[in-house]
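Colleague: The task is simple: from the sequences and hints, build the whole structure.
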Amino acid sequence: MSGLLEVTGLRVRFRALGTVKALLRGVESPFVEAVAGVDLALAEGETLALVGESGSGKTTLARALIGLLPVEAGSVRFRSRELIGQSSSAWKAVRREMAMMFQDPVGSLSPRLTVRALVTEPYRIHGLRGRETERECARLLGLVGLPPDFGERYPHQLSGGQARRVGVARALALDPRLILADEPTAGLDVSVQGEILNLLARLQDQLGLSILIITHNLNVVRHVADRTAIMYLGRIVEQGETERVFAHPRHPYTEALLSANPQADPAARHRRIELKGEVPSLLRRPSGCEFHPRCPHARPLCATAAPAATTEGRGRFTCHFPLAGPSLPSGG
Amino acid sequence: MTAAPDLLSIRDLSLSFRTPRGRLQALRRVNLEVPRGRIVGVVGESGCGKSTLIASILRLLPPNAEVTGGAIRFEGRDLLELSPRAMRELRGRRIAMVFQDPMTALNPVLSIGRQMIDVQYREGRSRREKRERAVEMLARVGIPDPAQRLEAYPHQFSGGMRQRIAIAMALMMEPDLLIADEPTTALDATLEVQIIGLLQALQRDFGCSILFVTHHLGVVAELCEEVVVMYAGEVVERGPVEAVFRNPAHPYTARLLACDPGRIVERSRNLPTIPGEIPDLVSPPPGCVFRPRCPEAFARCELEAPAEHAVGSGQSARCHLAEGEGR
Amino acid sequence: MAADEIPVAPRRADGFLAGLRRLTRDGMGLFGLVAVLLVVLSAVFAHQLAPFDPTRIMVGPRLAPPSAEHWLGTDQLGRDVFSRVLVGGQVALQVALASIAAAVSIGLGLGLLAGLGPRWLDNAILLLFDTVRSFPVVIFGLAVVTVLGPSLTTVIFVVVVTSIPTYGRVARTQTLAIKNNEFILAERAMGAGTGRILRVHVLPNIIGPLLILASMDVPVVITIEAGLSFLGMGVQPPTPSWGSILNDGFSYIRNTPWPVIAGGIPLILTTLAFTFLGEALRDTFDPKLRRDL
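Residue numbers (the working numbering), protein chains in the order written: chain A, 1 to 332; chain B, 1 to 327; chain C, 1 to 293.
Derived from the structure by calculation, the hints contain no laboratory data.
Don't take each hint at face value.
To give an idea of the interface, some chain C residues facing chain A are shown, with a C-beta separation under 7 Å as derived from the structure [said to hold, decoys possible]:
1) GLU69
2) PHE183
3) ARG188
4) MET190
5) GLY191
6) PRO204
Ideal Cβ placement from N, Cα and C applies to all residues, glycine included.
Modeller: And the structure:
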């Protein structure tokens, strides 16, 4: 049990309909399961990428991990301590070791506070008033490559990239062990994305951080993540070492995602796999394997029976007819 | 290159915004051509002026905008000289547009059938004919049960569906030019694949030209035949997609391609970036606008702004290094 | 067209001076600011500025027109109208300040509760607001006067109760709007408690519209006070009030129009001043209306 973070059977649900309406409409359950039973593990100093599209539940999962959302079932063990069901004062202690970076770089910064106030906010929240805010602010800004005079600025005076760095600085204030980064490169130009990713990689080497990156951008994942997990409709359909997942995806959805991010090379033959239809509503989950209505390789069994997870080496996938890999004979 | 004149030809377009801090030079000496029936991509990052460029073509600029030079010729007529009424005639009919955010591009209080019928207001067709045309277009873009769905409202559709409806509305009038401003940026990757495929098919069927604005290099490589690269209000390079992507002549294009993580085959913890920021366009730097960030800048770059130099068949770059390389 | 496409200069810091500058750029704002300052100063120093004791019945001409001695003439009891107007202004502003302050505070509290609390509490508070608002102010005033007797306190009470729903609703809407903003979530993720979030992050962001409303409410409250006093249900004689000056003036309007004018003009002026100021404030602080690029 040396993992930093261990998630087992996590379920998070939302109420989609009032009880009365649900009864009237004959809907079985008024709840939607945004996270429908997730198992994850993250070791110290490791970067795990959680990849999925809208509706996959990845942001919900991240928010549940840090206690912003109530959990229906399952267990989250952080540094061997169970997080689910703990008191709010226990949560407060945990939040010194676990920090989150939000998707909207400017919107996640309180608009009426200066950058200095923002990056030193964690100290005030946790009653560590002894620290010299001036010094700490300069230190934190320096860690992310911003000059100390940025402390005077307000969020609306920052560019997207700068605001993201402030978010990183704030997350680092209390020397956390784990950073949850929700779409750290969304909205950033390609020429600037590298700055944030390089920064996170450098900080990880420097401080021994573990990072959980939530994103829909597979290209980014390939470079920064040691392991990758692919989510669809609230479940993890495949996870494993990044290189393996990219080179030999097992799940057809993974394959489709990989092909949806083409190289900027007009000469390359674009084998873009076009999935049928769109992501189904969480209220009407398909039967059997939930991906079957859109899967180019679906067979009759897929509509009737949900596949069990198969472990392969350090990876896992959930599919009746996985794609050919290096170790399996072709034809699955 | 076909011998027929270009559908859209922008020559030397310069445009500034009057701001309290001074004149912001949003577009400088922009040259761009869209031939008939071709797909041209415009690529650039935030602040490059691509949205301003589109707004200029459609003459939908804010009141503090001022064109300080150049011409935008559509089928030979300079759009900048047209009366507002003549411009309105063109919009929606000969030049159509698809916007970035499918969530807000449709009127939320009208059914989509109503909106699609309204769009045809200039056509001398009966209401029934308009309705049929709307149903036909919806089927064309892959909306299931189109006849029933005419009564539905935008919020009852998903984002991908809404974008398809927006495309249907734009192409229903069979325009000569379709301008698409980041139509897939707000959509998931797998949806983007579908929309790109749809646009390719429709372009083949209708034969219109498409001006496709995006920051996503992969889409340009796949969809577009020609590409225009913009930086800080200027066109720094343009030409056939294969040529530009394989042999970029402008340092910015080269660096931009190098930064695309999809292109970097080896796993790297040190991804390339283009250090620095775009210059303040109220007072752009002397000489070449990319010089402060250019790894290959030399003395002349600060003294003299480069002109566009041809570097190959149809490819040209605004760079001193490109001089003398072409025919 | 993407808003971030056009390179914008970073906005100057939202300082008080910067805001003041923006405010006075507009003619209406400038007029409002100056006029409001005038009204407030003359109200604060009313007793010092008044040439006579407003309640002093003098031996001299009654209902006299304006003269060098009595700038606005005298009323039916020989009292100096100008002094009465000045002190009446003080009364008006006292009522306005006290009642608006109370209404804003209570409305803010209820609005926060409604916005942040459970659904049933929200519904209950909204029901309360709607009930209060469905009462016409004057009828409510009559009822309260019957119970409490006419006085300054009565007026304040009536105004406070009838104003709370407006402030409450605005506070609630503002709270709902930012409740789910990412920066609030970020604070919670860092371990901030509800108290801190309310104090440091919610309150400063929602108080703006409330203050602007309050500024635009001042003339309304003053008019209500004047109205109630006009009907004899508010401030009692001999304390002057613009409403009672108007009331007295009306009885003797055939003799001289001056008391009516004297009572009416300050009311109109103050209403205009505060309204202009309030609107200019709103325009200044609404980022979408900012005209600079």
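Colleague: Please go over all the hints and tell whether each is borne out by the structure.
Modeller: Quick rundown of the hints versus the structure:
no. : hint   : verdict
1   : GLU69  : 54 Å, violated
2   : PHE183 : 5 Å, holds
3   : ARG188 : 6 Å, holds
4   : MET190 : 5 Å, holds
5   : GLY191 : 4 Å, holds
6   : PRO204 : 5 Å, holds
In summary, the structure is inconsistent with hint 1 from the numbered list given earlier, while agreeing with all the others.
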